[in-house]
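Going down the list, the sequences are from chains E and W. Just so we're aligned: 84 in the numbering used here is position 84 of the first sequence, and the numbers increase by one with no gaps anywhere. Just so we're aligned: 68 in the numbering used here is position 68 of the second sequence, and the numbers increase by one with no gaps anywhere.
Derived by calculation from the structure, the hints in this document are not laboratory data. One or more of the hints may lead you astray.
[To be verified] Pair ranges (Cβ atoms, derived): (1) E:Asn21 / W:Lys18: 41 to 47 Å; (2) W:Arg14 / E:Met110: 35 to 41 Å; (3) W:Glu17 / E:Thr11: 37 to 43 Å; (4) W:Asp26 / E:Thr23: 47 to 53 Å; (5) W:Ile77 / E:Ala16: 17 to 23 Å.
[Said to hold, decoys possible] DSS-like, lysine-lysine: derived pairs with alpha carbons at most 30 Å apart: (6) W:Lys101 / W:Lys55; (7) W:Lys57 / W:Lys3; (8) W:Lys55 / W:Lys3; (9) W:Lys101 / E:Lys81; (10) W:Lys55 / W:Lys13; (11) W:Lys70 / W:Lys53; (12) W:Lys57 / E:Lys81; (13) E:Lys68 / W:Lys101; (14) W:Lys71 / W:Lys55; (15) W:Lys55 / W:Lys18; (16) W:Lys13 / W:Lys70; (17) E:Lys76 / W:Lys55; (18) W:Lys13 / W:Lys3; (19) E:Lys76 / W:Lys101; (20) W:Lys3 / E:Lys57; (21) W:Lys18 / W:Lys3; (22) E:Lys57 / W:Lys13; (23) W:Lys57 / W:Lys101; (24) W:Lys71 / W:Lys53; (25) W:Lys53 / W:Lys13; (26) W:Lys70 / W:Lys3.
Cβ coordinates follow ideal geometry from the N, Cα and C atoms, glycine included.
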Amino acid sequence: GQNIDQPTEMTATEGAIVQINCTYQTSGFNGLFWYQQHAGEAPTFLSYNVLDGLEEKGRFSSFLSRSKGYSYLLLKELQMKDSASYLCAVRDSRNNAGNMLTFGGGTRLMVKP
Amino acid sequence: DVKVTQSSRYLVKRTGEKVFLECVQDMDHENMFWYRQDPGLGLRLIYFSYDVKMKEKGDIPEGYSVSREKKERFSLILESASTNQTSMYLCASSPVGQGFKNIQYFGAGTRLSVL
Chain E
1 GQNIDQPTEM TATEGAIVQI NCTYQTSGFN GLFWYQQHAG EAPTFLSYNV
51 LDGLEEKGRF SSFLSRSKGY SYLLLKELQM KDSASYLCAV RDSRNNAGNM
101 LTFGGGTRLM VKP
Chain W
1 DVKVTQSSRY LVKRTGEKVF LECVQDMDHE NMFWYRQDPG LGLRLIYFSY
51 DVKMKEKGDI PEGYSVSREK KERFSLILES ASTNQTSMYL CASSPVGQGF
101 KNIQYFGAGT RLSVL
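Please model the complete structure; the sequences and the hints are all you need to start from.
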């Protein structure tokens, strides 16, 4: 089975940097995804890590350590529109053709002026 | 852009009713998924399908069934709705074979209330 943990809520200030952590335990790791979900909207893909290290995409970066079962999403130069839930999801290898994901509970980020 | 469309944003049904939730994707994706999303529990996989007429159970299939008669359409069926099935239901689709990402694309969700 899989177990994915991330903080329930975080608050940060506009213009600052925030790091959202995700730890996981899985029987067969095959990639980690981060999604952003604004209230009442569909989750949208942010980043994907399958190898150790940092993936940078504009203001957002995602890091993975497979040996530690750990990832973080780093948001720089926070904007009010970054207020959303951030979902960590792990793909396992039990059915690669099916591309099944297991999601954490999500982290609700509130950006204040 | 990939578009995943769920037929209803809000639904109110009574206990014992048969409920159909419809999902259509326009990108010829092989895989389609149904999740439910509850506060504090995140998204949990109910069923997924990797081809027409093919389906596999996810983590919480009890009380649900699915149908995939055409590649673009994946239906979730609640045979006899119960109050504990009140939730937000999200449909997703993904391609296969595009390297190893196979990103899942989500619909906006259907908020179902069972009274």
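Hints and how they fare:
1. E:Asn21 / W:Lys18: 41 to 47 Å: 42 Å, holds
2. W:Arg14 / E:Met110: 35 to 41 Å: 37 Å, holds
3. W:Glu17 / E:Thr11: 37 to 43 Å: This hint holds: roughly 41 Å between Cβ atoms.
4. W:Asp26 / E:Thr23: 47 to 53 Å: 36 Å, violated
5. W:Ile77 / E:Ala16: 17 to 23 Å: 46 Å, violated
6. W:Lys101 / W:Lys55: Judged against 30 Å, a Cα distance of about 21 Å means the pair holds.
7. W:Lys57 / W:Lys3: 24 Å, holds
8. W:Lys55 / W:Lys3: 22 Å, holds
9. W:Lys101 / E:Lys81: It holds: about 26 Å lies between the C-alpha atoms, which stays within 30 Å.
10. W:Lys55 / W:Lys13: Within the cut-off at roughly 26 Å; holds.
11. W:Lys70 / W:Lys53: 8 Å, holds
12. W:Lys57 / E:Lys81: Violated, at about 36 Å.
13. E:Lys68 / W:Lys101: Distance ~22 Å between Lys68 of chain E and Lys101 of chain W Cα, so the pair holds.
14. W:Lys71 / W:Lys55: 12 Å, holds
15. W:Lys55 / W:Lys18: 20 Å, holds
16. W:Lys13 / W:Lys70: Holds, at about 26 Å.
17. E:Lys76 / W:Lys55: 41 Å, violated
18. W:Lys13 / W:Lys3: Holds, because 27 Å separates the two Cα atoms, which is no more than 30 Å.
19. E:Lys76 / W:Lys101: 24 Å, holds
20. W:Lys3 / E:Lys57: Answer holds: Lys3 of chain W to Lys57 of chain E is near 23 Å, not above 30 Å.
21. W:Lys18 / W:Lys3: Given that 30 Å is the threshold and the Cα spacing comes to 27 Å, the pair holds.
22. E:Lys57 / W:Lys13: 43 Å, violated
23. W:Lys57 / W:Lys101: Roughly 22 Å separates the two Cα atoms, so the pair holds.
24. W:Lys71 / W:Lys53: 9 Å, holds
25. W:Lys53 / W:Lys13: 27 Å, holds
26. W:Lys70 / W:Lys3: Roughly 16 Å separates the two Cα atoms, so the pair holds.
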